[in-house]
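To convert a position in the sequence shown, counted from 1, into this note's numbering, add 83.
It should be emphasised that the hints constitute simulated quantities derived from the structure, not laboratory data.
A few of these clues could be false.
[Stated by the list, open to error] For each label pair, taking beta carbons as the anchor points, the in silico distance ranges come out as:
(1) Asp-329 to Asp-223: 38 to 46 Å
(2) Asp-383 to Asp-356: 17 to 25 Å
(3) Ala-298 to Asp-224: 14 to 22 Å
(4) Thr-248 to Thr-297: 38 to 46 Å
(5) Asp-253 to Asp-279: 17 to 25 Å
(6) Gly-222 to Gly-262: 22 to 30 Å
(7) Asp-253 to Asp-223: 31 to 39 Å
(8) Asp-188 to Gly-280: 28 to 36 Å
(9) Asp-356 to Ala-298: 34 to 42 Å
(10) Thr-234 to Ser-281: 27 to 35 Å
(11) Pro-195 to Asp-253: 21 to 29 Å
Predicted, not measured: the structure shown is a model, and the values here were computed from it.
Glycine is no exception: its CB is placed at the ideal position from the N, C-alpha and C atoms.
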Amino acid sequence: MTRSGGATTRTWWFVVLAVLVVADVALIAAAVASTRPGEQREAGPIPTFSSGPTTEAPTPTPEPTTAPSSTQPAGFLSAVSATEAWRASAGSCTDDPALVERSTDGGATWQPMELAFDLRTVVALEAGPEKVSVLGGVGDDCERQFWSSFTAGEFWQEYPDQASTLAFADVDSSTVSLGGAPVPSPCPSPVRASTDGSTSLVACAGAFSTRTGTADWAAVAVPGLLDVTTVADEYVVAVSGVDSCDGVAVQSVAVPVTARSTPTTIGCVAGVDPGAGVVLASVDDAVWLSTPAVARISVDGGVTW
Numbered sequence: 084m085t086r087s088g089g090a091t092t093r094t095w096w097f098v099v100l101a102v103l104v105v106a107d108v109a110l111i112a113a114a115v116a117s118t119r120p121g122e123q124r125e126a127g128p129i130p131t132f133s134s135g136p137t138t139e140a141p142t143p144t145p146e147p148t149t150a151p152s153s154t155q156p157a158g159f160l161s162a163v164s165a166t167e168a169w170r171a172s173a174g175s176c177t178d179d180p181a182l183v184e185r186s187t188d189g190g191a192t193w194q195p196m197e198l199a200f201d202l203r204t205v206v207a208l209e210a211g212p213e214k215v216s217v218l219g220g221v222g223d224d225c226e227r228q229f230w231s232s233f234t235a236g237e238f239w240q241e242y243p244d245q246a247s248t249l250a251f252a253d254v255d256s257s258t259v260s261l262g263g264a265p266v267p268s269p270c271p272s273p274v275r276a277s278t279d280g281s282t283s284l285v286a287c288a289g290a291f292s293t294r295t296g297t298a299d300w301a302a303v304a305v306p307g308l309l310d311v312t313t314v315a316d317e318y319v320v321a322v323s324g325v326d327s328c329d330g331v332a333v334q335s336v337a338v339p340v341t342a343r344s345t346p347t348t349i350g351c352v353a354g355v356d357p358g359a360g361v362v363l364a365s366v367d368d369a370v371w372l373s374t375p376a377v378a379r380i381s382v383d384g385g386v387t388w
């Protein structure tokens, strides 16, 4: 009995030893497999970090559109005779208001008029033997109104239904008002618009255009043009930059204007600054030239002054 138990014990020890050996071999194999070079995974992107706040791309700023240029008239002048005339500055709705003046001594002196209304701007002025009329912005809102005086400026009255009787260059520099109707200007930035019967005239920088009725405009180039008026059968033009004249040159263009029309120098108003705001007016053969500082008169159509 004793011998049989010893053999059994030895058998179990061999079994246990075999199991331990097998387990040990498995562990060694696993360790070797873990150190064998294998297929490498593709490396992912290396993360980057900003040291400052993220800046968004700026939104493009739209380019500003250029507004139509606006050329304000140097002033307004209307002649009644060789000795009497009225003039006005253009004025402003927000700054210095328009000034209306009258001369009865050939421009030697000018009397500022006290108006019965709050005139801020002037777009047209017309004077005659019986009445004087002005079209302009009135009051704080600068509403355009038409006023007339039959008493040489002593008393004034508004006449809304007569505003269409005056021609003028509109403030947007793209239209002129002729006979109460807006008309596209024949040239950019008009500074003067007038009518004489069925003939219309529009002056711009360096040129003026005329037409009869609703016919096509006829233009004539006049370099240095300052202002233009009509005298009998010709247009009289005040011009700057003429070498032969130390002052304001006077040129004429025959009526009617055609494609072959060219200005001819006929006179010179010496000593007058061309940049001082020159305006012209005429009645019969008398031509007035005025700036805020001086006034000159010609009684022979602009030849002598």
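Hints broken by the structure, by number, lowest first?
-> As far as the earlier hints go, 3, 4 and 7 are violated by this structure, in ascending order.
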